[in-house]
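Chains as they are written, first to last, in this note's numbering: chain A, 671 to 995; chain B, 671 to 995; chain C, 46 to 102; chain D, 20 to 380; chain E, 20 to 380.
Don't read these hints as lab results, they were simulated from the structure.
Note that the structure is a prediction, hence the values are computed from the model and not measured.
Don't take every hint at face value.
A short, non-exhaustive set of chain D residues, derived as facing chain B with CB atoms under 7 Å [unchecked claim]: (1) 55; (2) 57; (3) 135; (4) 184; (5) 218; (6) 287; (7) 289.
C-beta: ideal position from N, C-alpha, C; glycine also.
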Amino acid sequence: MAVLNNIEALNQSLMQMMETDDTIIVFGEDSGFEGGVFRVTKGLQEKFGKERCFDTPLTEAGIVGSGIGMAITGLKPVAEIQFQGFVFPAMNQIMIHAARMRNRSRGRFTVPMVIRMPYGGAVRALEHHSESIEALFAHIPGLKVVIPSNPYDTKGLMISAIKDPDPVIFLEPKRLYRAFKQEIPDEIYEVPIGKARVLQEGEDITVVAWGAMIPECQKAITMLKENNVSVDLIDLRTISPIDKETISQSVKKTGRFLVVHEAVKSFGAGAELISIVNEKAFLSLEAPPSRLTGFDVTVPLAKGEHHFIVNPEKIKNKIMELINF
Amino acid sequence: MAVLNNIEALNQSLMQMMETDDTIIVFGEDSGFEGGVFRVTKGLQEKFGKERCFDTPLTEAGIVGSGIGMAITGLKPVAEIQFQGFVFPAMNQIMIHAARMRNRSRGRFTVPMVIRMPYGGAVRALEHHSESIEALFAHIPGLKVVIPSNPYDTKGLMISAIKDPDPVIFLEPKRLYRAFKQEIPDEIYEVPIGKARVLQEGEDITVVAWGAMIPECQKAITMLKENNVSVDLIDLRTISPIDKETISQSVKKTGRFLVVHEAVKSFGAGAELISIVNEKAFLSLEAPPSRLTGFDVTVPLAKGEHHFIVNPEKIKNKIMELINF
Amino acid sequence: EKSEKPSLRKKVLATPVARKMAKDLGVDITLVKGSGTMGRVMKEDIKNFHSSDNKKK
Amino acid sequence: MLTEIYDPLKGEMFQVMDQTGTIVNKDYMPEISDELILKMYRTMMLSRTQDEKSLQYQRQGRMLTFAPSMGQEGVQVASAAAIEKTDWVSSAFRENATWLWLGQPMENLFLYWIGSEEGSRIPEDVNLLPIAVPIGTQCNHAVGIGMSIKFRKQNSVVLAYIGDGGTSEGEFYEAINYAGAMNTPNIFIIQNNQFAISTPRSLQTKAKTLAQKGVAAGIPCIQVDGNDIFAVYAAVKEAVERGRNGEGPTLIEAVTYRIGPHTTADDPTIYRTDEYHQEMLKTDPIIRTKNYMIEKGIWDDEKETSLKEELENLVEETFKKIEQTPDTSLEDIFKYTYAEMTENLKEQYEEYKAFLQRRDK
Amino acid sequence: MLTEIYDPLKGEMFQVMDQTGTIVNKDYMPEISDELILKMYRTMMLSRTQDEKSLQYQRQGRMLTFAPSMGQEGVQVASAAAIEKTDWVSSAFRENATWLWLGQPMENLFLYWIGSEEGSRIPEDVNLLPIAVPIGTQCNHAVGIGMSIKFRKQNSVVLAYIGDGGTSEGEFYEAINYAGAMNTPNIFIIQNNQFAISTPRSLQTKAKTLAQKGVAAGIPCIQVDGNDIFAVYAAVKEAVERGRNGEGPTLIEAVTYRIGPHTTADDPTIYRTDEYHQEMLKTDPIIRTKNYMIEKGIWDDEKETSLKEELENLVEETFKKIEQTPDTSLEDIFKYTYAEMTENLKEQYEEYKAFLQRRDK
Ligand SMILES: Cc1ncc(C[n+]2csc(CCOP(=O)(O)OP(=O)(O)O)c2C)c(N)n1
Ligand SMILES: Cc1ncc(C[n+]2csc(CCOP(=O)(O)OP(=O)(O)O)c2C)c(N)n1
Ligand SMILES: [Mg+2]
Ligand SMILES: [Mg+2]
Ligand SMILES: [Mg+2]
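Start from the sequences and build out the full structure, keeping to the hints where you can.
Listed below in structure tokens is the structure:
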């Protein structure tokens, strides 16, 4: 067992998987020689050579498009998009090829590829470095979308993503990259894609969140002890496909539901979760299933970002509102 | 008053607006000489010259990106993307520039641009010619998203879109292009963006739909007369920003809610509407607010598309399910 | 079929849970006077209605 | 090196056989057996027959919208003939003669154009990607396959096709540049058929040739007469050798002409004059090849007539068979989104199946 | 025509003044007043001073991540000096000297890098687009502006900047090709500073020069010594004339060097050896220009010292003022998404305002 942060967990999972499977190829802008702008791929080129870990030219469409070609011919590409805000030039390849190749070719060609990207805000960054657009990917059939919140899940989910026979969008909350460390197993292990995790059990309300919102929810829950409110906190971990069962079981128990996310509100992942709760647990509802999210604006630059960010105080307030509904 | 189909209504609105405002520029792949693959821009080049209506090279990023540059410098671009399935190369420009220029520059630069695209399925088309991805655009702050369902609205909304000071994504249900004709005013008139329209009033359930789903809902409603069920049918017309008021008023009256859309189910616009209903009319709900949509798969080619398409029979069935809940 | 619908289209404000409770207890929720904000029918209201109804019998 | 001899920047186009079928450039006539020429001709004719019949079927409402390859069979067959079974092909949507040559069954081609994904189920032994409708995207797939080949130290190459219009898309350029930077065994063939739907080649770019776009990527490039099977064959062979020798990618512009409409939904008379069209018909690669073969004494009218009859029958039989294909099953709609159906999809599938069963009772 | 004389395909780079500040190419020395040279030098120095101070401020935690322009002031100032107030500029994110020259107030520049959108509120009389972070995207905006200018029969041109890394993005190519096809008055300047973050120029493309990428678009192109203000000025002037004369776009590769880190988040010692760095420092455009001016007798140590002092004070004063800027108001977060706040946004705004008020009571 080693004590690692999220960056180190990513690095370890890549390192170990590349050791066991020499069809895994890691690449992206600056991913090779210097190991990526966040050092997630540090040491991989040194260890596995330039053929298995390399710097690409500045071409997101090329990175994903070539990854598709590699995957079709039996390699396992793990491609890095430097920031999620720069994935748009590759949207065409992701949404109309990676997601569809299996269906289009009736299973003859598949794209077992991982597309990693630093995700989310609250790091006082420049424009295009703070968005959360998981909902865009999740709307596309054929893609899986994963967002870990801690080093244990990060390693386990990355390993699952690499082993997954379909394309996985792997979103890494950059706010959590080095935020804390955790003791995690040294060996290869999997955290299943598509399974949420109940982080703590409670009676009064179900709260679903993911990524960097998890620690914020935990802080809010601690604050809520004095109000005598107990919370079922669920780390969704996989945005698509959603673990409807875990969520609906919880809501049937608590009767109240809140989803917390960083992304803007409208047409976000929160809306899908609310709809699922309506479909699966309507008759248990004691209050409107609700969401607490970013505002429907472009993420503000640093001097205004604090308004936008969901924090424990906002979460506590919203939970109390629902408890008192 | 002339009797026009949707194509003719579009053509007339462009023609008339170009006459009154010589900063309006129309362009896209094949939009000039031949007037577009659907002939929406037919006759414009002949009438207004190659400077105001022209063919572009095959570059969606160029079309939208150059449109942004034109708009910033005072022109009013009406750009055509040949099919919505081919908009992805322009996503970068649409989502990270058109949508944000006003906010980024604190109002110094704005993008009063219309981006038109044929939208939706059920026309037995090739791959990438049948999708409905309004939810992707609607999730992006700074964009407006419009989908008309009849020639009257088509003309009025196009005129409003051109006059709108912000970028408008104008989605044209290709299944309705020539499906029927309607008598519409000869003169320039506006249909406001952001306002839904109650097409017919009823007591038992609220049904919200848009585009090509409207005629399907109307057929279903006719079938439902024998079941003695009366429906409030709302044509949403604008996907973003949504007219929450009209919808919540209706649901408060009926207590039941169904949204019908062509797009795939998960993370679609239906989820947003269900969330709005929960926020605005929770205590009136007598059944779970629900959605009837495409399946979460790539739209099948013609030989399988009938499974995917929402039809009056499916709508009727779903409505009865909710009535009997 | 449609005959199952609550009587006379009278609309009440209530949570889904309260509605279910009414249904389970055989209470016509439209007859219950709500004590909540804007006349919302609370679970207590249904319980009270039900027990007084039972007493009457 | 042909790419050094014929400089697109000087407006030089590589041609071996002229419009009449005469060899005008003997030095560069590739070594090519009569048997291979006859096979090429047969495939060109097969593709042409299929297109002609398909146009009829489409008019009769028996086929959906489709994109004919008529006029471009020369570049398609000759380029495909220059590679091996172990090489790969990533094409766009108008490469019918290539597909036939590679062994994609005509059954599949018809299936695709009547609206079945089964048409894109490429046989296991055919190294061909499915039709890529979104312009330009297929080029980066080819680069990735090139990287796979290089990584595995295989000896294969990858052919990718794109249209003249397609060269205006960023992805085309990204792919040729990326392939150059990675030195992958890629061959990019621009089928310059003069039009992108209604938009003439001249509106796509100020560049005098499309071949010269290779200069931007620093890779060898050449313009060839795309209706001259010998020139195409020779140029592609050279590029293939370059690829196999680890010398990286090549860009080839093949000048050709789209005889038919863009697709059956298109009316080319709007944007092409009859005069121009008649003039361009003279460049038809099939006529030219036939003339060459007749001149060489390996072909005659009789053979032509019997081939035509044979191919017409073949196409008709195949289409009739395919036409009977039942609609796509509900299960098949759901089955291929992921390796395993998700709970969500199972739910949608079961729910709809139940609805259908209720309804049909 | 410089673009005809200096052929990037032959490896020819246009230079007027060598590394020592000596004019080595008198024939092409542009007509340029001492006053203008002094003004250029001042702006280069101002930008350099601002960058140096900013690096300090950033280390002190008083500024956020920012991208210094050090080493590239020559190409930036000389290109901006070659256009008029009525022309337009669309830049990326590392054009500080250009921005200063054009009249974007240093206040705004600092505001941007301390995290305020107010920094991108370009003054009404400055024809400059805000910083475009997503690589390559700014080029198509420039094409659109070029189309506006053409449409209105104005006499202006548009300058767009992009980096060496940026030339691998499809949008860069789409823009130059589109501009060529539309014959717009665009000038594209590639600032080849040898790196895209850690990725060296050599990994971006097999093309020997970046200038030659213009061949793909069929437009004139030239490689210039980007640290030679006279070469840059002359090449841009020529391109400007071309644009104003309706002869279409030009592509200019300016060879330069990024002295500092990519941004303050970057550590260039990982991927650049000190030896290489020291060697490249010798190409510094500021030193070179100074040498030229001293040689010409229009500059001396005294002037240098007093200029330095003046600029340091100016930068410090400006930053101190800006540092006091309060946080962005809640209203400003919502106000600029659309011309008018939608009902939805009003709701979110009011709800949050109410929450804050409750909380602060
Ligand atoms: C990205 C994208 N944009 C638009 C289209 C619509 N479209 C289909 S074919 C075509 C023209 C293609 O022209 P060209 O590349 O010359 O190929 P050709 O049709 O001549 O074979 C267009 C615009 C598309 N398929 N993909
Ligand atoms: C589309 C896109 N991809 C990735 C990035 C992240 N990124 C920022 S700067 C940069 C390198 C740019 O290199 P170059 O074009 O040479 O410009 P320079 O930084 O040297 O000025 C990268 C990859 C981005 N901003 N946009
Ligand atoms: Mg073409
Ligand atoms: Mg692109
Ligand atoms: Mg650079």
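Now the hints, each set against the structure:
no.: 1; hint: 55; verdict: 34 Å, violated
no.: 2; hint: 57; verdict: 34 Å, violated
no.: 3; hint: 135; verdict: 5 Å, holds
no.: 4; hint: 184; verdict: 4 Å, holds
no.: 5; hint: 218; verdict: 5 Å, holds
no.: 6; hint: 287; verdict: 10 Å, violated
no.: 7; hint: 289; verdict: 5 Å, holds
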